[in-house]
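Turn these sequences into a full structure, and let the hints guide you.
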Amino acid sequence: MTGTLTEKILSRASGKTVSPGDVIEAKTDIVAFHDLTGYHVIEVMEKANMVKIFDRAKIVVAFDHLAPPPDVRSAEIQGNIRKFVKDMRLPNFHDINVGILHELLIEKYAQPGQVIVAADSHTTTSGAVGAFAQGMGASDVAAAVITGKTWLVVPQPFKVTLKGTPSKWINGKDVALELLGKFKADYFNGMSIEVHVEKPSAFPMDYRATVSNMGIEMNADALMFVPDEETKNYIKTMRGQEVELITPDSGAKYEDEYTIDLNKMEPLVAAPYSVDNVKTAREESKVPVDQVYIGSCTNGRLSDFQMASEILKGRKVKTRCIAIPSSYEMFKQAMDRGYIEDIVNAGCVVTYGTCGPCLGGHFGVAGPGEVIVSTSSRNFRGRMGSNEAKVYLSGPAVAAASAATGFITDPRDLQ
Amino acid sequence: MIVEGPVLKYGDKIDTDIIIPARHLKHTDPAYLAQHAMEPLDPEFHKKASKGVIIVAGKVFGMGSSREQAAIALKAAGVKAVIAESFARIFYRNCINNGLPLIVLPNATKEINEGDSVKVNVETGEITVNGKTLKGKGISGMALDILKSGGIMEYLKKVSA
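Protein sequences, first through last, are from chains A and B.
Heads up: the first sequence at position 26 corresponds to 26 in the working numbering, and the numbers run straight through without jumps.
Heads up: the second sequence at position 142 corresponds to 142 in the working numbering, and the numbers run straight through without jumps.
Warning: the hint list may mix true and false statements.
Straight line, CA to CA, 27 Å or less: simulated DSS-like cross-link-like pairs of lysine-lysine [as the list claims (entries may be wrong)]:
1) A:K184 <-> B:K51
2) B:K157 <-> A:K149
3) A:K83 <-> B:K80
4) A:K168 <-> A:K182
5) A:K52 <-> B:K110
6) A:K47 <-> B:K9
7) B:K9 <-> A:K184
8) A:K83 <-> B:K26
9) B:K148 <-> A:K390
10) B:K157 <-> A:K52
11) A:K390 <-> B:K26
12) A:K47 <-> B:K148
13) B:K158 <-> A:K149
14) A:K182 <-> B:K110
15) A:K47 <-> B:K26
16) B:K110 <-> A:K184
17) A:K47 <-> B:K157
18) B:K26 <-> A:K52
19) A:K16 <-> B:K158
Incomplete in silico selection of chain B near chain A, CB under 7 Å [as the list claims (entries may be wrong)]:
20) D15
21) S66
22) N94
23) M153
Read the hints as simulated data drawn from the structure, not as lab findings.
Heads up, the beta-carbon is just placed ideally off N, CA and C, and yes, glycines get one too.
This is how it looks when you write it as structure tokens:
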């Protein structure tokens, strides 16, 4: 057969040759949830009186949304899940000190060719290593925890090619925003996006994770990078594992395709209140900023902190600025390399391993009328707190440059 | 499976942070969630919906988060069905899993107006409104089986029995 990556992964998972539009039952390699959805997953299982687990080793649980707990209810939710984890003897549990679920999945668990479902929409992030990864609701995830299977409609595959090398301040966020601005948020509904990188080392795993993370903002069923040398190197470095690569066949048929020339990109932002309201950072350069947030499962990785520290080193921020590495590992590496020191010296507030600000939970909630520049994934109305706050999405370079000046700033324009 | 009621109409890209804001996600009680459904757009929504309504909307209704509370909140507030030009996938599944029917109708916002009285055949996708019949995409296959069973867990019990 000549299959796309989507077809090859889902054929293996369902035990038959599949085509776009087929409704299939797929085996799940990893099933995951976090604190904010996990209690709901467990509640669904308990209500149905079906508290059983298909394979303990394949369940991953991480505390991130309510970490550390901002109120009594959050602490209660985490306590209930800890008890469940202990009672069910789940080996892959990560408490509040480890990091954000999607980051942990790519650092420690996800493999090319796997089917991964988790109770959070940004599960698409694991597409960075070439896994077919979907977010689902609590009931679907509960069913997958019990049976090790889920039903899927095989999506229409769409091919994106990245050619060239991104210039200094461009990273994965700009590529995600480029796709959203060009195609708009509803275009990829029912499709899976397969990204082929012509020069693998030019677009490292951090950047890939950002693009995959925002696959859900494109309303794609999955966004996968075709695994290559970069994927092998990443998994070898992070886990010491050798992996088998799975790649589309040369004659694979796509719904359509699009090529991005990385050399020609410039720093972008998504203006309120939609992820596809994309403009260049320069177009918005008169907008004053009240708070900057650098972090989340979208842009809380080492290269994000490297860019931010390079811009903020020796400067003092002119806005409130909160910076949160996406995991313990990212925090430690950023600390070892001096990035955290540069960012703290510039006047930023730094902590690790929480989703708090991204969803308006805690640790940086936006007030009425405030303008936020955030490296997170969504700028929906009310997303970071007040319905009257305005969230601009950007990559880490625009965010750090905006913190340095107090206005939305293209990092190339910094004096 | 037939549902009917008056229409509340919305535009494109009604996202899950509008349907149920994140600050309410530490709860799953349907009565609590119903009070806060669509709160950022209309704090009075639950009063309007309480007699039983059908939502008509534009593109990718339910885009964003996987929070199942979005489906629970709408259903508990009194929404009997949602007709939209397209739905976000996660939201679509969450609604099926919670027994809230959805119909895809490509020109929904052009064909149907706020306050219209509509009758929907959930399986065939036929919608009767203003004396005419529109043909939407109904629910079939495994999704229909799950919806008819009253949700995914009830369905699982049935098929594994």
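Each hint tested on the structure:
1. A:K184 <-> B:K51: violated (36 Å)
2. B:K157 <-> A:K149: holds (14 Å)
3. A:K83 <-> B:K80: violated (37 Å)
4. A:K168 <-> A:K182: holds (22 Å)
5. A:K52 <-> B:K110: Not OK: A:K52 and B:K110 at ~48 Å, beyond 27 Å, violated.
6. A:K47 <-> B:K9: Judged against 27 Å, a Cα distance of about 34 Å means the pair is violated.
7. B:K9 <-> A:K184: holds (22 Å)
8. A:K83 <-> B:K26: Status holds; Cα separation ~18 Å.
9. B:K148 <-> A:K390: Violated, because 42 Å separates the two Cα atoms, which is more than 27 Å.
10. B:K157 <-> A:K52: The given pair, whose Cα atoms are some 13 Å apart, holds under the 27 Å limit.
11. A:K390 <-> B:K26: This hinted pair holds, its Cα atoms lying about 24 Å apart.
12. A:K47 <-> B:K148: Status holds; Cα separation ~19 Å.
13. B:K158 <-> A:K149: holds (16 Å)
14. A:K182 <-> B:K110: holds (25 Å)
15. A:K47 <-> B:K26: Holds: A:K47 and B:K26 sit about 17 Å apart, inside 27 Å.
16. B:K110 <-> A:K184: holds (21 Å)
17. A:K47 <-> B:K157: Satisfied, since the Cα-Cα distance of roughly 12 Å is no more than 27 Å.
18. B:K26 <-> A:K52: With a Cα-Cα distance of about 24 Å, the restraint between B:K26 and A:K52 holds, given a limit of 27 Å.
19. A:K16 <-> B:K158: holds (25 Å)
20. D15: Holds, because the Cβ-Cβ distance from B:D15 to chain A comes to roughly 5 Å (cut-off 7 Å).
21. S66: With a closest approach of 4 Å, the B:S66 hint holds.
22. N94: The hint holds - B:N94 has a Cβ within 7 Å of chain A, the shortest such distance being about 4 Å.
23. M153: Holds, because the Cβ-Cβ distance from B:M153 to chain A comes to roughly 4 Å (cut-off 7 Å).
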